[in-house]
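Asker: Chain by chain, the residues run as shown.
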Amino acid sequence: MRTGRTDSHSWRKLKSTCISGLTFCSAILVIAPLALVFFYVLKSGIGAINLGFFTHLPKPVGEPGGGMVNAIVGSLELLALASVVGIPVGVLGGVYLAEYGAARVNSLLRFIADVLNGVPSITWGVVVYGLIVLRFKSFSAYAGGLALALIMIPLILRTTEEVILLVPVGYREAALALGIARWKTILQIVVKTASRGIITGILLALARVGGETAPLLFTAFGNHFWNHDLSEPIAALPLQIFTYAISPYDDWHRQAWAGALVLVTGVFCVNVLVRIVTRVRTASA
Amino acid sequence: MITLPMPQPEVIESRDREAAATPDMEQEPLPLVIESKNLSMWYGSKRAIENVSLDIPARAVTAIIGPSGCGKSTFLRALNRMHELVPHARIEGSVLLDGENLYASDVDPAIVRRRVGMIFQKSNPFPTMSIGENVIIGLRLNGVRDRKFLNERLEKSLRMAALWDEVKDDLHKSGTSLSGGQQQRLCIARALAVEPEVILMDEPCSALDPIATAKIEELIQGLKAQYTIVIVTHNMQQAGRVSDFTAFFYMGRLIEIGSTTKIFTNPSQKQTEDYITGRFG
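First to last, the sequence lines map onto chains A and B.
Under the numbering used here, the first residue of the first sequence is numbered 1412, with each subsequent residue one higher.
Under the numbering used here, the first residue of the second sequence is numbered 13, with each subsequent residue one higher.
Chain A on its own, in the form it takes in the complex:
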């Protein structure tokens, strides 16, 4: 009596335990690198973090002290430049995909955007090098900003499209039934309803490109001093980290770790901000 049924029961129990164990291990494998990276960067970088790091320009090799203020400000400038191009193009493109356009053209555009999202970021650096840097014969903040913008556009485009498609059709109908023109309905009702999702997409795109080094190598190029003209090379945090990390000087290595810590913290903060933004949405809905 107890033979077959009990055996198969314990066998099923064993299988279930194995599978949940495997999924648990996979989950740990996903989380562990994040924790390891964060704590290692924290441990190595915290020693070089001080007020001077945020207020001083880099010092020549051998001189103690110095900071990365120009790189931090430069990164913000590059992100601002990238936003000026990337956010409007990405958001409007997403609106177009979701609201206008023929189905066949849209599926082609969507496919292209997905391919672009997968293009290695250094490719964007080379493209902009060819298009801008060679033409104007100078590395520049503009070129760096454009390279970052080109990475942002397909990211923002796809998230914008997706969140706009989530807006229930009832709101569109209600607005149109009030005699509101279609473009006003889309901008004032649909995009407004989806705005938190769009902002989330923009923030995540900014966090992503904020840490990019490769597209800046042949565009923004880096700079040990303040940038006074956006058509000149500009410092960026990831570039500065790269330069310092491959240098042979211990002092610079410490600064590179500190830079990495600042960068990781920045990206982390943006992600937390995104969580807060999306939480407000679910609370009000």
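One should not assume that every hint holds.
What the hints assert, rightly or not - So the derived label-pair ranges between C-beta atoms look like this:
1. B/D118 with A/W1594: 15 to 21 Å
2. B/R265 with A/L1519: 37 to 43 Å
3. A/G1432 with B/W54: 53 to 59 Å
4. B/S57 with A/L1542: 45 to 51 Å
5. B/K185 with A/L1468: 50 to 56 Å
6. A/A1446 with B/E96: 52 to 58 Å
7. A/I1442 with B/G81: 50 to 56 Å
8. B/E96 with A/L1440: 51 to 57 Å
9. A/I1439 with B/H246: 50 to 56 Å
10. A/K1595 with B/H246: 30 to 36 Å
11. A/K1595 with B/D110: 22 to 28 Å
12. A/G1432 with B/A226: 55 to 61 Å
13. A/W1594 with B/G81: 29 to 35 Å
14. A/K1595 with B/D118: 17 to 23 Å
Note that these hints are calculated values from the structure, not bench results.
A quick note: this is a predicted structure, and the numbers were derived from the prediction, not measured.
No residue lacks a Cβ here, since even glycine has one placed at the ideal position from N, Cα and C.
Starting from the known structure of chain A, fit chain B onto it as the hints suggest.
Answerer: Relative to the frame of chain A, chain B by itself:
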């Protein structure tokens, strides 16, 4: 007096005449507001309504009844060109509003919808806006800026929708914070604020409890003094309670239209009688 910016002068004229009308004024009665003539409609290759000719009298409630899929909602949406949101929807025939063809090539669908408002099955106040903003959004997005005028219209519309007393202290709160029945009345206030001539209602009470339904029905009775109302309903008792005229649709065709009393007591078509008495549908 502020009027909406409308490219069609004759529209403004006819409205102003209505607004200025006093009881003793000799007013030309408009017996018919909407006339559909040989209206057929397709979704892709599927014909949804077939050759419907139907006159809708002014300042009365016309109910459209019929089993699911009979084309009654489709017909309703053809009256303010809402079906154009559906890709591959195609229409033949014409719909006249005060004698003008809504489907003439020079007619802007936005203007049509300002004159023919709509209430939907599921209440849909805009979630990003407060109660007050919801009511005046139609005016604001049509270019009305005058704060005083907007406030007056806000109160007037909410009073007409029998919602003012319930929300007057909470105008800044989110429209979605209201109950289902209040949300539907908010949607009615929002539609009234742009002062349409006709209000289409697509099963406005099907998601509401009996008490909220009774309030909406009472509201419809009050509104018909000023507006022409067309209501699609699944609920025959509701059609009997609120409407003056009833049209019965079956399989995409208009079977019969007449006074509600006649349709419910002495229909001339066998199919109508079978549906009314519950033999099918």
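Asker: When you take the CB atoms of A/G1432 and B/A226, is the distance between them in 55 to 61 Å?
Answerer: For A/G1432 and B/A226 the Cβ distance comes to about 59 Å; the hint holds.
Asker: Look at the Cβ atoms of B/K185 and A/L1468 and judge whether their distance stays inside 50 to 56 Å.
Answerer: 53 Å, holds
Asker: Has the hinted range 30 to 36 Å been met by the Cβ atoms of A/K1595 and B/H246?
Answerer: 33 Å, holds
Asker: Is the hinted range of 53 to 59 Å satisfied by the C-beta distance from A/G1432 to B/W54?
Answerer: Holds - the Cβ-Cβ distance for A/G1432 and B/W54, about 58 Å, lies within 53 to 59 Å.
Asker: Could you check the hint for me, namely that B/E96 and A/L1440 are 51 to 57 Å apart, CB to CB?
Answerer: 52 Å, holds
Asker: Tell me if the beta carbons of A/K1595 and B/D118 are separated by a distance inside 17 to 23 Å.
Answerer: Since A/K1595 and B/D118 have Cβ atoms about 21 Å apart, the given range 17 to 23 Å holds.
Asker: Cβ-Cβ distance between A/W1594 and B/G81: within 29 to 35 Å?
Answerer: Holds - the Cβ-Cβ distance for A/W1594 and B/G81, about 34 Å, lies within 29 to 35 Å.
Asker: Against the range 52 to 58 Å, how does the distance between the Cβ atoms of A/A1446 and B/E96 compare: consistent or not?
Answerer: At 54 Å between Cβs, range holds.
Asker: Does the Cβ distance between A/K1595 and B/D110 fall inside 22 to 28 Å?
Answerer: Between A/K1595 and B/D110, where Cβ atoms are some 26 Å apart, the hint holds.
Asker: Could one say that the CB atoms of A/I1439 and B/H246 fall in the range 50 to 56 Å?
Answerer: 54 Å, holds
Asker: Look at the Cβ atoms of B/R265 and A/L1519 and judge whether their distance stays inside 37 to 43 Å.
Answerer: Hint holds: Cβ distance 42 Å, inside 37 to 43 Å.
Asker: Range hint 50 to 56 Å: satisfied by the CB atoms of A/I1442 and B/G81?
Answerer: Once the Cβ atoms are compared, 52 Å apart, the range 50 to 56 Å for B/G81 and A/I1442 holds.
In the structure shown, no violation is registered for any of the earlier numbered hints.
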